[in-house]
Amino acid sequence: MSDRCKFKQYVWELPLRWFHWINVLAIVVLSGTGFLIGHPVTLGASASDYAMGWIRLIHFVAAYAFTVSVASRVVWAFIGNEHASWRAFFPMYSAKGREKLRHMIRYYTLQTHQVPEIVGHNPLATTAYFVLFLIYLAMILTGFAMYATHAPGGIMFKSLGFMYGHFSLQGMRLAHHFGMWLIFGFVINHIYSAWLMDIKEHGGEISSMFSGYKFTVKKGE
Amino acid sequence: MSTTRTEPCNETFSISQILKERGVSRRDFLKFCSTVTAALALPPSFAPSVAQALDEVKRPPLVWLEFQGCTGDSEALLRSANPTVAEIVLDILSVDYHETIMAAAGHQAEAALDKTITDYKGKYFAVIEGSIPMKDGGVYGCVGGKSNLERARQVCGGAAATIAIGNCASYGGIPAAAPNPTGAVGVKEAVPGATVINLPGCPCNADNLTATIVHYLVFNKIPALDGHGRPLFAYGKRIHDNCERRPHFDAGQYVEKWGDDGHRKGYCLYKMGCKGPATFHNCPTQRYNEKTAWPIGSGHPCVGCAEPQFWDVMSPMYRRLPNVPGFGIEHTADAIGLGLAAGAAGAFVVHGALSAMRKDKEPGEDAKED
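First to last, the sequence lines map onto chains A and B. Residue numbers for the first sequence, in the working numbering: 1 to 221. Residue numbers for the second sequence, in the working numbering: 222 to 591.
Be careful, since some hints might not be right.
30 Å max Cα-Cα, derived DSS-like pairs, lysine-lysine [what the hints assert, rightly or not]:
no.	chain 1	residue 1	chain 2	residue 2
1	A	K8	A	K218
2	A	K158	B	K442
3	A	K218	B	K582
4	A	K6	A	K200
5	B	K344	B	K367
6	B	K336	B	K367
7	B	K478	B	K512
8	B	K580	A	K6
9	A	K200	B	K582
10	A	K218	A	K96
11	A	K96	B	K582
12	A	K6	B	K582
13	B	K582	A	K8
14	B	K580	A	K200
15	A	K6	A	K218
16	B	K580	A	K96
17	B	K342	B	K442
18	B	K580	A	K8
19	B	K582	A	K100
20	B	K580	A	K218
21	A	K100	B	K580
These aren't lab readings, by the way, just hints derived from the structure by calculation.
The following block holds chain A by itself, in its conformation from the complex (with noise of 0.2 Å):
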């Protein structure tokens, strides 16, 4: 273990928190109740209950909260700090961050001993965020085309009017699923490598994100 005095940096500011640990609550109520909806059990006990009727507003309200939430972080990607932006998420697109995926991949794979330090996000997991984005897009997309039918001609139906087009209602119910067991593993494979990257760098990587500072090598700004 080394003695090396390590400087603490302002890495992830407080909207990009909010953000995070707000798609986490709703992601686990969304999974919890969106489970109940699609196999729902017997709960009523007399037809003037309404078990489903709060399971899915809860689910309703949380996807509206998630959209908000992952619509917020986009714009964040834009005024954030160099952390938080967009160009984190494309790192093959520079000489330097292809360098630093590489090294990531070798590390990941078991070919190298030497942890690489990652101030920001890993350059791996934000092609991996990137994969993300676009399942919590379709997820957005295909809950609320199947929320709006409980009012055709609504604006919500008549702006997401392509999506009826070109996919079935079943079609969209099925990619629903699929979305959410995606989600699980992405966030098993997400918190394996905070706790593996929390043990082996050594630089507060799982305490960052409620802190927003990381313990690095490198002198901060």
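Given chain A's structure and the hints, the job is docking chain B onto it.
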């Protein structure tokens, strides 16, 4: 409409005379006008206009062509509710050609069709039942030596409006289900230039056909259509939102298997694969068989017969989700998803164990980011 009319079309026509001939009271006629006004989702104040328009109507000729279908829509029409009055409304139209019920046959019948579409070009109605096979030049469906495709182009192209009755004529229906050996399509796809009103359903509810025709006779234009070419008055609401079992859905009371306690009590059929949440049709309010019954009311889940390609997209009939191509039918989407997630978790357990056994070098000056 039991026989082919031979008298000239377009004469102004007294409905009271026909009513008297058929022994229908004026009161019954006005009742019918109110019902059809309701079916069209118009305010009750329109009922007198409907009655007046039907009284003064000029007789537009109508031809009914049967293509690749099962004639179920003709059956539904012949067994429709209010048969006497609805029949009269359709009788107001001069039905010059209907393969199933016309008296004429052979060249005589084909000549009647040719005469109507030539003499009344741009003025007659066409009702198409059944899909149109397109593959191999349309050889899979021929009547009188002409392919369905050729006839459809000729007849629908010159019609004031074409009503595609049933799912087959609207979107190809069952003949178009995978693997669609005849290349079957709906009328709008076969004749893109035609003015087409789709009345899908398997079969179409004859009340919706009557209402569509009455709409045209009263307003002299086709009703407002949705993105799939269906009249909004009949297909503007989802079955799920008007379903009589909806309170059981919201309450959380479901049929778990056929004939169980919930099924006997009339609980929601969602878990039995009901496609009501994905289907737009007025079945819950309009119903079939003199408005007595409809599938969900009788304890069977909706199969989504009013939606494009329903045989493919709504299957399996008794499951919530479609099958996943390439996997056996016992593998539902969620079982596959669970397998993927478990596989990912397993891979990371192995990776974690391998990483734990390694002595890695912490980031130092040589590894730092610049």
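Hints versus structure:
For the proposed pair K8(A) and K218(A), the alpha carbon gap of about 9 Å is at most 30 Å, so the pair holds. Restraint check: the Cα-Cα separation between K158(A) and K442(B) comes to about 24 Å, which is no more than 30 Å; the hinted pair holds. Our distance criterion of 30 Å between C-alpha atoms is met by K218(A) and K582(B), whose separation comes to about 16 Å. The hinted pair formed by K6(A) and K200(A) meets the criterion: a straight-line CA distance of about 15 Å does not exceed 30 Å.
For the given pair, K344(B) sits about 23 Å from K367(B) by alpha-carbon distance, which is consistent with the 30 Å threshold. With a CA separation close to 16 Å, the supplied pair K336(B) and K367(B) stays within the 30 Å bound. A C-alpha spacing of about 27 Å is found between K478(B) and K512(B), which places the hinted pair at or below 30 Å, so the restraint holds. At roughly 21 Å between alpha-carbon atoms, K580(B) and K6(A) fall within 30 Å of each other, so this suggested pair holds.
Restraint check for K200(A) and K582(B): satisfied, since their Cα atoms lie roughly 8 Å apart, inside the 30 Å limit. Annotation: proposed proximity of K218(A) to K96(A) holds, straight-line Cα distance about 17 Å (limit 30 Å). Pair hint K96(A) plus K582(B) holds up; C-alpha atoms about 22 Å apart against a cutoff of 30 Å. The suggested pairing of K6(A) with K582(B) holds, with an alpha-carbon distance near 15 Å, which does not exceed 30 Å.
A threshold of 30 Å between alpha carbons decides the hint, and for K582(B) with K8(A) the separation of about 20 Å falls inside it, so the pair holds. Simply put, K580(B) and K200(A) have alpha-carbon atoms about 9 Å apart, close enough for the 30 Å limit, and the pair holds. Between K6(A) and K218(A), the direct Cα distance comes to roughly 8 Å. Compliance with the 30 Å bound is thereby established for this hinted pair. The hinted pair formed by K580(B) and K96(A) meets the criterion: a straight-line CA distance of about 27 Å does not exceed 30 Å.
The straight-line distance between the Cα atoms of K342(B) and K442(B) is roughly 17 Å, inside the 30 Å bound, and the hint therefore holds. Under the criterion of a C-alpha separation no larger than 30 Å, the hint pairing K580(B) with K8(A) is consistent with the structure, at around 25 Å. Distance restraint check for K582(B) and K100(A): the Cα-Cα separation of roughly 17 Å lies within the 30 Å cut-off, and the hinted pair is therefore satisfied. With a C-alpha separation of about 23 Å, the suggested pairing of K580(B) with K218(A) holds against the 30 Å cut-off.
Note on K100(A) and K580(B): the hinted pairing holds, with a Cα-Cα distance of about 21 Å set against a maximum of 30 Å.
Checked against the numbered hints given earlier, this structure breaks none of them.
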